[in-house]
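Put chain B on the given structure of chain A with help from the hints.
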Amino acid sequence: MFKRISPRAGSGVAVTLAAALMLTACGGSGGGDAGGTPDPNEEVTLNFTWWGNEDRAERYEKAIALFEEENPNIDVNGTFMDFPAYWEKRQTEAAGGGLPDVMQFDYSYLRQYGQNGLLLDLTGFEGDGLTTDSIDETLLATGKLEDQTLAVPTGYNAWSLFENPAVLEQAGVEGYEGGTTWDDYDAYMASVTEASGGEVYGGTDYTMRIQNFELQLRQEGRDLFTEEGEINFTQEELAEFWSSAEDIRENAVIPARQLEEVAPKSGFGANLTATEMTWSNFMGGYLGDTGAEDLNIVAPPTSDPSVQDLYQKPSMLHAVSAGTEHPEAAVAFIEFLINSPEVGEIFGATLGVPASETALEGAALEGPELEVKEYLDSVADRIGEPPAAPVVGYGALENTFLTLGTSIGLGAITPEEAAQQFFDEAAVTLGS
Amino acid sequence: MTTGSAHAPTHTRHSAEPGTRPADPRRTGGQPKRKGNRENLAGYLFLSPWLLGLFALTLGPMLFSLYLAFTDYNIFTAPEWSGLANFERMAGDTIFWGSVQITLIYVLVGTPIKLAAALGVAMLLNFKSKGTAFFRSAFYAPSLIGASVSIAIVWRAMFSADGPVDSGLSLFGINLGGWVGVPALIMPMMILLAVWQFGAPMVIFLAGLKQIPTELYEAASVDGARAWRKFLSVTLPMLSPVIFFNLLLEMIGAFQIFASAYIIGSGTGGPAGATNFYTVYLYTRAFTNNQMGYASAMAWVLLIAVGILAFILFRTSKSWVHYGGDTK
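The listed protein sequences correspond, in order, to chains A and B. Everything in the first sequence is counted per UniProt numbering, starting at 1 for the first residue and increasing by one. Everything in the second sequence is counted per UniProt numbering, starting at 1 for the first residue and increasing by one.
Excised from the complex, chain A in its bound form (with noise of 0.2 angstroms):
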């Protein structure tokens, strides 16, 4: 039989755990003396974890192995997990002290972990352990922070406008030329709807998603956010960019219902809509998505065609937690992702296409990879110079923005509305 705890043994055990907890919640956190190589005869083990699917894994899977015959005495630890989980896994880890040695990192949260100096600062082994005059300088700044380089990218990509040549044929149309105004792209996605009779549509409203609302923006000569981080642009403006998709809607783009209903696919991975709009290193997924075995892409409508309204975004990144106990090791684990030949051709165009211009020649890209990459080129006029990293909490305004632009494709709010929760939401978040 038990008897009832007397409230000394009681607080004893409490006072005990408190102890406990506090002592395991301390983690270490040491920065590393910059530059430099690794101590071949130290006996290493990296943590390393990226975001993605299997197809993935196989080939980071490869690469580790190449990695691990090269240097011996570094074992270096993978895991993986879809993006959202990542993510929440990370800011777990942030909290406790023990983020991985090395992430894939995504551009949206750099300066979120850089800022609060999760980030291992690379500058010093620039040219010592890091090779990074193989990546171009636009591109490269993209993982710079006030002058400290946190994240290397993987490789970079565009805003695009994907087309199925499998739909366009069962609606039996045409393929859209790419680049015109916004109203003749609206007039094609109409006309591939009715040519269909409904069964499968031009395009999804464009209006649901960020980038197109910053591509827009740009094509007026300003960003999402000013370099201080605050929002450029003014409710009405938004609730006018939600508007002027009504007739759209109406009669163009597939039905908001439809979308929710194939989630977590898009329309166009559904082979549901003929055309959309989205980063040009989709490819790849799209390809599974669709199971086509080909796509197009072409360059998005613009307002002004002398405009340079695109950019060219990191797809992927690479960094270094700072509290790493083994900074070289990490860094040489980078060098050999983002340089190697051996890791281009691994890789092919699948983190983007290859930053460094080393890993792109092992890359030797063909069918659809070598596609994004003409296309990239081909737009080459069009691209400027990129935004300010994204502010803090970017990742969210974006999430809200698709939620909102959703419920206003389902009739539940009308863009007004949607408007003013937009400008409340981003209150709080760039607010704190």
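These are calculated hints, taken from the structure and not from any lab test. Beta carbons are placed, not taken as given, at the ideal position from N, Cα and C, and that holds for glycine. Don't take each hint at face value.
Unchecked claim - The calculated label-pair distances, taken between Cβ atoms and stated as ranges, are:
| no. | chain 1 | residue 1 | chain 2 | residue 2 | range |
| --- | --- | --- | --- | --- | --- |
| 1 | B | W97 | A | G198 | 35 to 45 angstroms |
| 2 | A | K265 | B | N175 | 21 to 31 angstroms |
| 3 | B | G36 | A | P84 | 50 to 60 angstroms |
| 4 | B | L124 | A | S191 | 53 to 63 angstroms |
Unchecked claim - Okay, the calculated bits of chain B under chain A, using three or more residues with CB under 8 angstroms as the criterion:
| no. | region |
| --- | --- |
| 5 | 70-77 |
| 6 | 276-289 |
Here is chain B on its own, set in the frame of chain A:
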């Protein structure tokens, strides 16, 4: 169990209290005090896994979250004291009130339907007939697997366009299309998923039904009562403690709906906020938007609100719950 104390009149709780009467049989044989200490120690040892869990996994984090509720905490930087700011913001947050509204609808509509279904099936299974054991297991099964992620995925597929539900309904000339993309149809879909898992309350009802003495029904029959009258005047009052227990449990459980809503709404609370239940919104705030302080404040508001509702339920129970031996 010690054989010596088994026959003692006061052998249980009181014996361990300090200053117990010296006549206590435990203290008469051998070295009672040391033995008592050793038993205490053994007791704590047996309790320790649970205590560890309580302090490390439940109580500690709970108290910490109470502190966080009054701070601005984004995970990356240390929490900053912000007083009642989180609660003030909640009062003016339209998405918050939207999530409160749909959660209340879900609880207030879903729970009674689920309990009615559970009671109905329990009464059917209470008849003695062949195969009752099989049916009991069959009806209980959904509540074992219902909370799982896979069922939510299956549910989503079932209610999609051209899925079994859509096809089935069109046989009757009802063409709703897929339910998943229609905000107004999400709530019925979620409630159906909850009702489908009536197995747990059903088993409890069944046990309660078995406790009702058959004489009462016989007496009612003699008085000329029909089935419906017997249900109202015998079954319901006799079952009221069990109904109360189930109601309380199911209500508290319903407030915590998360996994199925998260899956069916693709984690965004969509379409148009229709699956943005309280806990889904809380999760989004905490782990997508990094607003841990706000999320902690929301968690405490939920705890207190559910506590108040449970309290009200307890107060009203005096007027409708009849315990055996009541003089009323």
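Legend entry - 8 angstroms C-beta test of the region 70-77 of chain B against chain A, three or more residues: holds (count 5)
Inset, instruction - Go ahead and decide if the range 35 to 45 angstroms is satisfied by the Cβ distance of B:W97 to A:G198. - result: The hint (35 to 45 angstroms, Cβ to Cβ) holds, given that B:W97 and A:G198 are roughly 38 angstroms apart.
Legend entry - Consistency of beta-carbon spacing, B:N175 to A:K265, with hint 21 to 31 angstroms: Roughly 24 angstroms apart at Cβ, these two residues keep to the hinted range, so it holds.
Inset, instruction - With respect to the beta-carbon atoms only, verify the hint that B:L124 and A:S191 lie 53 to 63 angstroms apart. - result: For B:L124 and A:S191 the Cβ distance comes to about 59 angstroms; the hint holds.
Inset, instruction - Could you see if the CB distance from B:G36 to A:P84 stays within 50 to 60 angstroms? - result: Roughly 55 angstroms apart at Cβ, these two residues keep to the hinted range, so it holds.
Legend entry - 8 angstroms C-beta criterion, at least three residues: is the region 276-289 of chain B covered by chain A: holds (count 3)
Of the hints listed earlier, there is not a single one the structure fails to meet.
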